[in-house]
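A.B. asks: The task is simple: from the sequences and hints, build the whole structure.
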Amino acid sequence: MVVRTCALRRRLPACAAFVCALLATAVPALSGTLSQVRIKVGGRLLGAGLHAQFDGREAYLPLEVLEHAAARATLNRREDAAVVTSASGDTAEIAVARFGGRPHLPLSELRGVLRADAIVRDGVCEIRARLVRAEIAEGRLHLASTFPVPVRVQARVEEERTTVTVEVAGAALAPGARTGAAGDRRVAAFAASDCEEGVRIVAALPPGMGLAAPTDAAERVRSLALTGTPRPVTARAEPMPAPQGAPASPEPPGSAERAAQSPESPDPQPVQRGGPTDPPATGPAAASQPAKPPAGAVRITGVTIEKSDPTRAQIRVATSGRVSVSTALLREPTRLAIDVANAALETDAREWPVDHPFLTAVRAEQGSRPGTTRLIIALAKMIGYRVLKPTAEGFVVNFTTPRGSGRSMQDLIVVVDPGHGGAANGCQAVENGRRIYEKNLTLAVAQRVRALLQEAGVNVIMTRTGDDDVGLRERPALAGDNNADLFVSIHVDDCPRPNTASGSTAYYHMDDASSRALAQSIIHRIARVSGLPCRGARSDRVLYTTGLAVLRHSPVPATLIEMGYINNVRDRRKLVSAQFQQVMAQAIVDGIRGYVEGALPEAELEVAQAPGRVDSE
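Each number in my numbering corresponds to the 1-based position in the sequence shown with 109 added.
To be clear, the hints were calculated from the coordinates, so they are not data collected in a lab. Misleading hints may appear alongside valid ones.
[As the list claims (entries may be wrong)] Straight-line distance between alpha carbons at most 20 angstroms, and here's what the computed SDA-like set of lysine to any residue pairs gives:
{"no.": "1", "residue 1": "K490", "residue 2": "A453"}
{"no.": "2", "residue 1": "K683", "residue 2": "M619"}
{"no.": "3", "residue 1": "K149", "residue 2": "A278"}
{"no.": "4", "residue 1": "K498", "residue 2": "A427"}
{"no.": "5", "residue 1": "K149", "residue 2": "H177"}
{"no.": "6", "residue 1": "K683", "residue 2": "Q556"}
{"no.": "7", "residue 1": "K416", "residue 2": "D464"}
{"no.": "8", "residue 1": "K149", "residue 2": "F163"}
{"no.": "9", "residue 1": "K416", "residue 2": "R431"}
{"no.": "10", "residue 1": "K498", "residue 2": "T509"}
Everything numeric in this text was worked out from a predicted model, so none of it was measured.
C.D. replies: Structure follows, in structure tokens:
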């Protein structure tokens, strides 16, 4: 199960532990590096009882601040990490810092999950919602922000026109925000721009018209947290007899519509534990998949292969419109399949030879799904790949030699991380009257992995060697502190209903090409020998919008292995077996060797990856 611990605490005598805790809390304040700053969220300056701790580079905010951005934070059982859920439904697991015993979260990570702009200046830490839509359409002004902010409407009536000004306090225009009048000829001019207090929208309307003010000066732009897409507050365009503006008019039921999503987060969606039919996300998100072209299938008009150098290559696929792309890893022989939905090949060539150390050929064929064209890339070695976000002109696949590969095992430094430990038992189950804890299973396998790696000449660093508490950040930090090459975290999974899920999974962070290659190399070796279903290599985005903290903070290629489900009888009987633990350890080591040496797995296996978000580079 995923690591949810956060502070590094080796077991100490009670008195020493108490003194260390006091010093850890007092040192920042006594050193003079911390200062208290006021907090402003969505245009509102919070009370003096709520302030942030600022060290000159990072600001730390108390958890109570989140409710002012329509978000919430839930501490884990040990209260050293919190899962933050934003108004849009995005989630992130964030390590907790404590000041005076009070839990705080770093602004740099909060800003991402809230999809907000933030700055600390003049003694104030300000968080602004991103305004992703300010658009007049169908006689209404549609506003949508990433969390609620107040709106105020003013009008100036002149003989030739009415100028309406809408102030959205505590907001900032999102990059690529939808703004304009959407072809409404009654609007002579429209402009939206950032100002000192937020966003100012100015529209020029014909004389005798205006814009109904919100029913309350504190009325807020709301978001639909259920789907992660913002819900706009609308103001109706109505005749205005007086400069003071039309009287307040409540919005009729059902009149609100979904607003555009922020271009920086194109696929907000519920994030949950993946099941057997929940494959990893590697293609464009379902929410951003384009509609079918009205003239039929999109045409693939060309395939170009560019060989930058022996460590990199790029395939450019030209299309007549935007397409949806998904990938699958095929075995015997090993090759990468790229499925292009609703697309037809319009080139004379069907195969393109490649002279490259890790690519040997590219060919096109009919995909297994109707209307799908499949590109098959034959591989000579284990590689990292990334599908960039498709455009109307086509898409690009970048191939790279994974970081840390092309070396011998004797040159490696590997951090092996047995999940949980100490007070964090992880998931658990009862077998023959005996309670089984994840923390003990992960340590048993990790110790076997260490022994096998050391036999191969690898320098191994363990995040724990006993039943110790180790923090969420400290685990991957060991990789950076020791100039390690790889980070492998070992875990055991569970699910809400016993015996409903089974198998092994390898997670990698977001779309990191090297970490994906490491995860794939290990999970395919596990699949050959475990006797359990292979759930594939998955992006940690399927668990949390910003991924797993233990992978997110790793400075080197990293993977988190879920060996099996502890609350599945079949999986559990394997997990407690010393023989299975040795088989699992050997498979992990073989996967590491395959990654480093570029060797391809021998077993035939296809792990399909459904459309999901791709990079926006």
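A.B. asks: Please go over all the hints and tell whether each is borne out by the structure.
C.D. replies: Hint by hint, here is what the structure shows:
Distance hint between K490 and A453 is unfulfilled; the C-alpha atoms sit about 29 angstroms from each other, more than 20 angstroms. For the given pair, K683 sits about 30 angstroms from M619 by alpha-carbon distance, which is inconsistent with the 20 angstroms threshold. Note on K149 and A278: the hinted pairing holds, with a Cα-Cα distance of about 11 angstroms set against a maximum of 20 angstroms. Between K498 and A427, the direct Cα distance comes to roughly 13 angstroms. Compliance with the 20 angstroms bound is thereby established for this hinted pair.
With a CA separation close to 9 angstroms, the supplied pair K149 and H177 stays within the 20 angstroms bound. Our distance criterion of 20 angstroms between C-alpha atoms is met by K683 and Q556, whose separation comes to about 17 angstroms. At most 20 angstroms may separate the alpha-carbon atoms for a hinted pair to count; K416 and D464 meet this at roughly 8 angstroms. Restraint check for K149 and F163: satisfied, since their Cα atoms lie roughly 14 angstroms apart, inside the 20 angstroms limit.
For the given pair, K416 sits about 25 angstroms from R431 by alpha-carbon distance, which is inconsistent with the 20 angstroms threshold. Simply put, K498 and T509 have alpha-carbon atoms about 17 angstroms apart, close enough for the 20 angstroms limit, and the pair holds.
Going through the hint list in order, the structure does not satisfy hints 1, 2, 9.
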